[in-house]
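**Student:** Assemble the complex: chain F is given as a structure, and chain U must be docked to it using the hints.
Residue numbers (this note's numbering), protein chains in the order written: chain F, 1 to 88; chain U, 1 to 255.
These are computed hints drawn from the structure, not numbers from a lab. This structure is a prediction, so every number in the text was calculated from the model and none was measured. Heads up, some of the hints might be wrong.
[What the hints assert, rightly or not] Between beta-carbon pairs, the in silico distance windows are:
(1) F:35 / U:14: 26 to 32 angstroms
(2) U:87 / F:18: 53 to 59 angstroms
(3) U:135 / F:18: 40 to 46 angstroms
(4) U:167 / F:24: 46 to 52 angstroms
(5) U:156 / F:34: 29 to 35 angstroms
(6) F:30 / U:25: 38 to 44 angstroms
(7) U:212 / F:24: 33 to 39 angstroms
C-beta atoms are modelled at their ideal positions from N, C-alpha and C, and glycine is treated no differently.
Listed below are the residues making up each chain.
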Amino acid sequence: MFSILAQIAAGELLDGLKAIGAGLAVLGYGLAAIGPGLGIGMVVGNAISAMARQPESAGMVRTTMFLGIAFIEALALIGFVAFMLMLP
Amino acid sequence: MNFLALEFPPVSHLFDWPTIWLDDTLLAVNKTVLIYIAATIVTMLIFTLAGRPRESLVPAGIQHVAESGVTFIEKSVVMQIIGPDGKKFMPLLTSLFFFVLFSNITEVIPFIQFPANGRMAIPATLALMVWLIYNVVGVKKQGMFGYLKNSLFPPGVPWPLYTIVAPIELVSTFVVRPFSLAVRLWANMVAGHLLLVTFAILSAALWEIYYAPAVLPFAMLILMTGFEILVSFLQAFIFTILTAVYIGGSMHPEH
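Okay, chain F solo, but in the shape it has when bound (with noise of 0.2 angstroms):
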């Protein structure tokens, strides 16, 4: 019985735990992703009331749309990397 308890130790166990940390990763992404989708949600939600405002301002807007979103997304791209990182 303490050979088998070995055996699982030494292979199985090794292998649910990694199982374990590939799980823990996906949701860390899943959490560094919360924020940055809610910041461009409001972001582009903005720009778009504001260009249904202001017609002629949609360019401005339309750039710095997308500056915001470069900014914003720069964070979940961070998770996304520490994601990579981290599978086993």
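**Tutor:** For chain U alone, kept in the frame of chain F given last:
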């Protein structure tokens, strides 16, 4: 990794390419390097062909592509962000846009299907180049002392807060800017490539079992290919626009 009983290749298989020429030297050539060389040649070729003298005044063919690209950069990047005195950065920004675009777009070109910017080398080099340029421009325009003062001590902040603001601005201007510029481009391309590979493998594996369910991931693959074309354009545009923002910030400090 193993999901749905199909073998997903390890990530290194998707991004590491064997060297095919000049092994074990600094100049080793692999698929990524070939894509970069091709992107450089295509960029130079477009503008050389477009700039050659011709009889008719109406632009046609490749000249039209180059002229609309230049107009796009001038209208939506330089004039919006830097202003009329940013015109001298037009060559830099235009070639940056086209080079980044051509090395991104290989992600969806059949039989190449690898975004060269999915490797960190060129994004990091470009970000370092941009870092050098905006610092040199700032020192030239405002002087060493003025540039440091304007970037570390933004006006309009009550003076006790400068003990907190100055270190934050130091890190954000000189460390985070180039880092985030490189990571943004690179991680977008890595994520897009992984997405396309995932759906391609999924549809191939389902096709092996039975043909009908493979339609779903294949439709998703086509949708994602369209999305990745958009992302390639957008990332090239964002890289250019952020370069313009940083240069513009060094040229016109906030008063």
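**Student:** Does the Cβ-Cβ separation between residue 212 (chain U) and residue 24 (chain F) fall within 33 to 39 angstroms?
**Tutor:** At 36 angstroms between Cβs, range holds.
**Student:** The hint says 40 to 46 angstroms between residue 135 (chain U) and residue 18 (chain F); measuring C-beta to C-beta, is that right?
**Tutor:** 44 angstroms, holds
**Student:** Taking the Cβ atom of residue 30 (chain F) and the Cβ atom of residue 25 (chain U), is their distance within the range 38 to 44 angstroms?
**Tutor:** 43 angstroms, holds
**Student:** Is 46 to 52 angstroms respected by the C-beta to C-beta distance linking residue 167 (chain U) and residue 24 (chain F)?
**Tutor:** 33 angstroms, violated
**Student:** Hint says 53 to 59 angstroms; check whether the CB-CB distance for residue 87 (chain U) and residue 18 (chain F) agrees.
**Tutor:** At roughly 56 angstroms between Cβ atoms, residue 18 (chain F) and residue 87 (chain U) fall inside 53 to 59 angstroms, so the hint holds.
**Student:** Given the hint of 26 to 32 angstroms, is the C-beta distance from residue 35 (chain F) to residue 14 (chain U) inside that range or not?
**Tutor:** 28 angstroms, holds
**Student:** Regarding residue 156 (chain U) and residue 34 (chain F), is the given constraint of 29 to 35 angstroms on their beta-carbon distance met?
**Tutor:** For residue 156 (chain U) and residue 34 (chain F) the Cβ distance comes to about 32 angstroms; the hint holds.
Taken one by one, the earlier hints fail for this structure only at number 4.
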